[in-house]
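Taken in order, these protein sequences are the chains called A and B.
Just so you know, the working numbering puts 2 at position 2 of the first sequence, and the rest follows in order with no gaps.
Just so you know, the working numbering puts 189 at position 189 of the second sequence, and the rest follows in order with no gaps.
Worth flagging that the hints you see were computed from the coordinates, not collected in a lab.
Where hints are given, some of them may not hold.
Said to hold, decoys possible - Rough simulated footprint, nothing fancy, chain A against chain B, three-plus residues with beta-carbon under 8 angstroms:
{"no.": "1", "region": "50-62"}
{"no.": "2", "region": "66-77"}
{"no.": "3", "region": "162-174"}
{"no.": "4", "region": "256-265"}
{"no.": "5", "region": "288-297"}
Think of the CB as a built atom: it goes at the ideal place given N, C-alpha and C, for glycine as much as any other residue.
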Amino acid sequence: MYLEVDNNKTYIATGSKEHVDGNPTMSFVHGTGMDHTVWTLASRHFARYGLNILAVDLPAHGRSGGELKPTIEDMADWVVQALDAAGQESTIMVGHSMGSLVAFDVAARYPDRVTSLAMVGTSMPMPVGDLLLDNAEKDNHLAKEMINYWSHSTSAHLGGSQVPGIWMLGKLIRLLERSGPGVIYNDLLACEKYTEGIERSKNIQMPTLLILGEDDFMTPIKDAKALAETIPNSRTILIPNCGHAIVSEAPNDMLDALATLI
Amino acid sequence: MAKIKTFDFDTLSNHAGQRPDKETGARAVPIYQTASYVFRDSDAGAAIFNIERGGHVYSRISNPTNAVLEERISALEGGVGAVATSSGQAAVFNTIATLVDQGGHIVSSYALYGGTHNLMEYTLPRFGITTTFVDPNDIEGFKKAIKPETRLIFGETVANPRTEVLNIPEISKIAHDNQIPLVIDSTTTTPYLMKPFALGADIVVHSATKFLSGHGTSMAGLIVDGGIFDWESTDKFPQMTEKYAGFHNLSFTEEFGPAAFISRVRNEASRDFGACLAPHSAFLVLNGIETLSVRMDKHISNTRQVVEYLDQHDMVEWVSHPDLKNHPNHELAKELLPKGSTAVFSFGIKGGREIGQVFIDRLDLFSNLANIGDAKSLVIHPASTTHQRMSVKDLEEAGISEGLIRLSIGIESVEDLIEDLEKGFKAAAKVS
């Protein structure tokens, strides 16, 4: 569905189901240069469970208009505006990679709006290598290739998709290629600059789940485990043989993990 | 500039799509000869049915052995995903049926495999879909043939049997200027010789029966989605962009982004038309793909020597192969097919049809049959076999004369192949 958020036309996927007043809400925030389609299976799944789904396209991503939000905090504020526009008071907040930082920041600064939090493929801080940032700044295609390459585990580079017939590396590079000029750099820089997050962990009192890929090269699990130790009510589910792109490498495992939140 | 080192073609052709079986450790791809799959529980079953969870429901729609093949061809082509079909013909039909509705129109090169030509010329009009055939070398002709109701341009990389090389970069521009996709039949070249997506194609189809399988053992087809075409740039494809009542109002572009087309193929064409691939056939095609580059190099090197031999033979009227400087697409082939163009080509024997039959009947190593892309060398007379249903005018347009003989060069000893051809010519000379 399309909503007006922050004076801009905004796309929010609902898992092919209309919202029902009073039903609980589950919101999804995508990662760098991506869009709502990374959540399609999860959106459809939890929509069938009766949850109101909000899988957003962040501003200037996917089908959403507006200007890029330069910081994780700006993106988090925008997500709260999207919740308001959709008439959803509170939500289970789910994010992947950059989206996990956004989900975290919403939970930390708007704790009344978040009933539980899931961070998929995450770490804090989330530093970005100079080579990647440099290529992203120049909008080189190589930046997208780097993200695609490092997002997948070694075994995923040879395939084995849980969704029949899908070549995971091919699908992600095409999705990244759809992002507009400057989008990848904006998002990577926002991740790099989000250094205050760990200080806000004390505000995260709601049940929190970290879903991590054992072979994650982008956000190594040791950094994620350090984050988990700062969140009092957190659990970690480790997915073996899985990289950073958990949404495509292990969508079934992710569904099972997320189901423990409802 | 730094470069990302992904797995090379030969590694992907042996491994892509497969993770060794967890239970048994089987290194070869297991043949999952099963119609259906036990669900973990009722909810998981409902989730797979409703595209919420990856998995298999029924082998008409997907199968674990076929899925390995689908990923492997996607990896080799550089696509986002693929669907395996029961034959190359089914791959062509399911692609058209996914994109073209009643009243729709196709612009196609007229240099086509006879079965594809028959489908477009005679069968599809019964369902309200018409085709305008165009000389593959007439780039402007493709542009002129496009109508408001045109939904795709179709062509073969290197046509069978007259070896016209399609100018994919130029024709893809015409397609995209008109917001329609370019569908390429890449059977004769395989991803080893050419990657059509990198040249501008949007969808690739294969008869995997041919070089991909490589041993003439199995009927199989593949549809590969490049994930590049922007279906939402136009209102010509409501089946991709609007809610589909046949699947609980699913919008394929909204939900699957770059994989919208191939998701629609699986969830409509595979489901409703039923032309699914037998998993044992998928296994045989996978075995073939493991040696694809090695075989193609041998096919090509043998072909070069046979073409040279034929080109200098007194009994040969003409040879049509892009390696020859007099071929109209010689330069284009060098540009688009640097590793070699094709092992399937044709020549005209002096004396016409009857002499040609004597020649064919005398051959021992070349098998007279209706197939191409086998490890063994093959020969046929298209005007009386593969293209027999085409009218004289259509045959002329496709460049298929009465004396045309098609060869598919195998990977045997090239000296033995040339000796076999020489025996044929000697026999033909006696009756001419």
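Problem - Hint numbers not upheld by this structure, sorted from lowest to highest - result: 3 and 5
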